[in-house]
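Chain residues, written in single-letter form:
There are 2 protein chains.
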Amino acid sequence: MPEIRQNLITREWVIIATERAKRPEEFAQKNRVKKEIPSYVPNCPFCPGNEDKTPGETYRMGGVGKDWKIRVVPNKFAALSREGDCKRIMEGIKRSINGKGIHEVLVETPLHNMTTALLPVEQIRTIVEMYKNRFLAAYQDECVEHVVVFKNHGEGAGTSLEHPHSQLIATPVVPSQVRERMEEAIRYFDDTGECVFCRTLKEELGDGDRIVWEGQSFVAFIPYAALSAFHTWIFPKRHNASFGSITREEMDDLAITLKTVMAKFYYGLDNPDFNYVIRSLSLEENDEECCHWYITIVPRVSKAAGFELGSGMFINTALPEESAKFLRETKVPF
Amino acid sequence: MPEIRQNLITREWVIIATERAKRPEEFAQKNRVKKEIPSYVPNCPFCPGNEDKTPGETYRMGGVGKDWKIRVVPNKFAALSREGDCKRIMEGIKRSINGKGIHEVLVETPLHNMTTALLPVEQIRTIVEMYKNRFLAAYQDECVEHVVVFKNHGEGAGTSLEHPHSQLIATPVVPSQVRERMEEAIRYFDDTGECVFCRTLKEELGDGDRIVWEGQSFVAFIPYAALSAFHTWIFPKRHNASFGSITREEMDDLAITLKTVMAKFYYGLDNPDFNYVIRSLSLEENDEECCHWYITIVPRVSKAAGFELGSGMFINTALPEESAKFLRETKVPF
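Going line by line, the protein sequences match chains A and B.
If you use the working numbering, the first sequence corresponds to residues 1 to 334, in order.
If you use the working numbering, the second sequence corresponds to residues 1001 to 1334, in order.
This is chain A alone, in the form it adopts within the complex (with noise of 0.2 Å):
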């Protein structure tokens, strides 16, 4: 009998489709074309000695000139501009904001085919100190409301450039999804008097059945309702509404939690295509007794459609239960 399982968290519901399942490892990406990627392409922007090729480096890690261990540089082709102002269009049906704001790469590795899986963790620990470097600086700008850090890796995630790289953008707006999903946290906090990602974090901790892998700091797991395939959590134990306020111990083990969980997926899944996305409230908004910051992985192994599209409600074709075990078993070689 499928299930639909409501997500405590976001409220989506998602049908769990027993009938229609896959074992976990027909989602590993066997079939698919691979080619070989050099270590330093001449005319890639993010390899080292073309430092030239992209503006003006915002912050660096490493020594001078190519001699850089991770680099910071505004997007060429920004999504939002940091000129302007915020001024706002209201007349009738349009509104609009004008598109003020930051778009940055944070180009990971000097070496062009990397990918976190393989990364030594010490880079993992510098690509986590950078990502908590331009959270806290973006939200300098008082244009910006809202900040989200986050990664595509490979095609089918919506990347087009193979250097590995993540990115941040800074909108002058808080998107509606952030601040619904805060509204439900107040709910249940006022309903309960608990932070709702505490509550799951000691749940999925009692249960143990989705757990991917805990360390010291943080826990990687499957939701219950897992949107797709794989779709994996990472909590920080400690209850904090900021990645923001993360510390020196929590950089340690989120480094060795992400290259454990990435290489998982690496070796399980077959160097799957993957977003991975930080869920923060800014610093400021820290000591928010009912949010809890935490980063999402959707590996790209399943495909959302018209449904999906036209209801908010998902088809998930594997169950996060064997999920889990199969990401909790597979093994990795460090």
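No lab work stands behind these hints: they were computed from the structure.
Where hints are given, some of them may not hold.
Which chain B residues face chain A? A few, computed with CB under 8 Å, are given here [what the hints assert, rightly or not]:
| # | residue |
| --- | --- |
| 1 | Trp1013 |
| 2 | Thr1200 |
| 3 | Ala1304 |
| 4 | Leu1309 |
Every residue gets a Cβ at the ideal spot worked out from N, C-alpha and C, and that includes glycine.
Could you slot chain B onto chain A? The hints should help.
This is chain B only, laid out in the frame that chain A set:
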């Protein structure tokens, strides 16, 4: 300067990314690998003569045996089951309901290699009538709370079966997205005394900039805050909350409108993959003064990535006014 537009109906914010915008013709699927598709495939379960390969037919128009015009059958790999009851489970964070519901496949034509753009208007008229019949029939089931009729065309739109077909999924819950939009529509009505859809249609017709096609009873346009490139809406001119109330004359005009719009995509954008979906309340709710049924069409010519996933906001690299002008001017040969 990029612009962030809000869709008054969905409350979604969209970044209209002028800096990275492409010209309308750049969205054409010219470089896609094309394959010749035959009009009949012996082992296709939806081709005539293979009627016994599908579970028991629930509806047909045309003659007997393999002499049908359209057929409706239960989905062999149904996401929801017709059997069982709608039992709810509530255990801490785990909220679920048995996956009882309906999942039908609506075979649109005996010809394996057809597409909406190329079908005769009369056949599309028959398809629309089939939609109405199945839509109304699904709501007869007392477990059913919401019905979605949709079509996935092409692999990029999430379908694995080539033979032209639509689907119907009837769920025992109202999707949260449907509820939220309804609440917003009620709020707009409370504030203004008007249906937000009627208001939108009126302003769109007044502006004219985003109109793709105007028929007798339907108007196709690209919404002011279109989520993605060439995202198109077809609104009935007459206010009704339910597709189930569509009249004979309206069905005639919807067939013409659907064919025209799909042909504009087919010729202008080189047969892109697409999804379309009927967004509607039940016939019982037809008199709801603040809701209005409509059709959404999403050609799959751009990709959502991590930012969209993490914020619910979209980045659209096509200017709605330019896309609409392009489609308006795309000649279709009939």
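Now for the hints, and whether the structure bears them out:
1. Trp1013: Interface hint status for B/Trp1013: holds (5 Å vs cutoff 8 Å).
2. Thr1200: holds, 5 Å
3. Ala1304: holds, 7 Å
4. Leu1309: Holds, about 5 Å.
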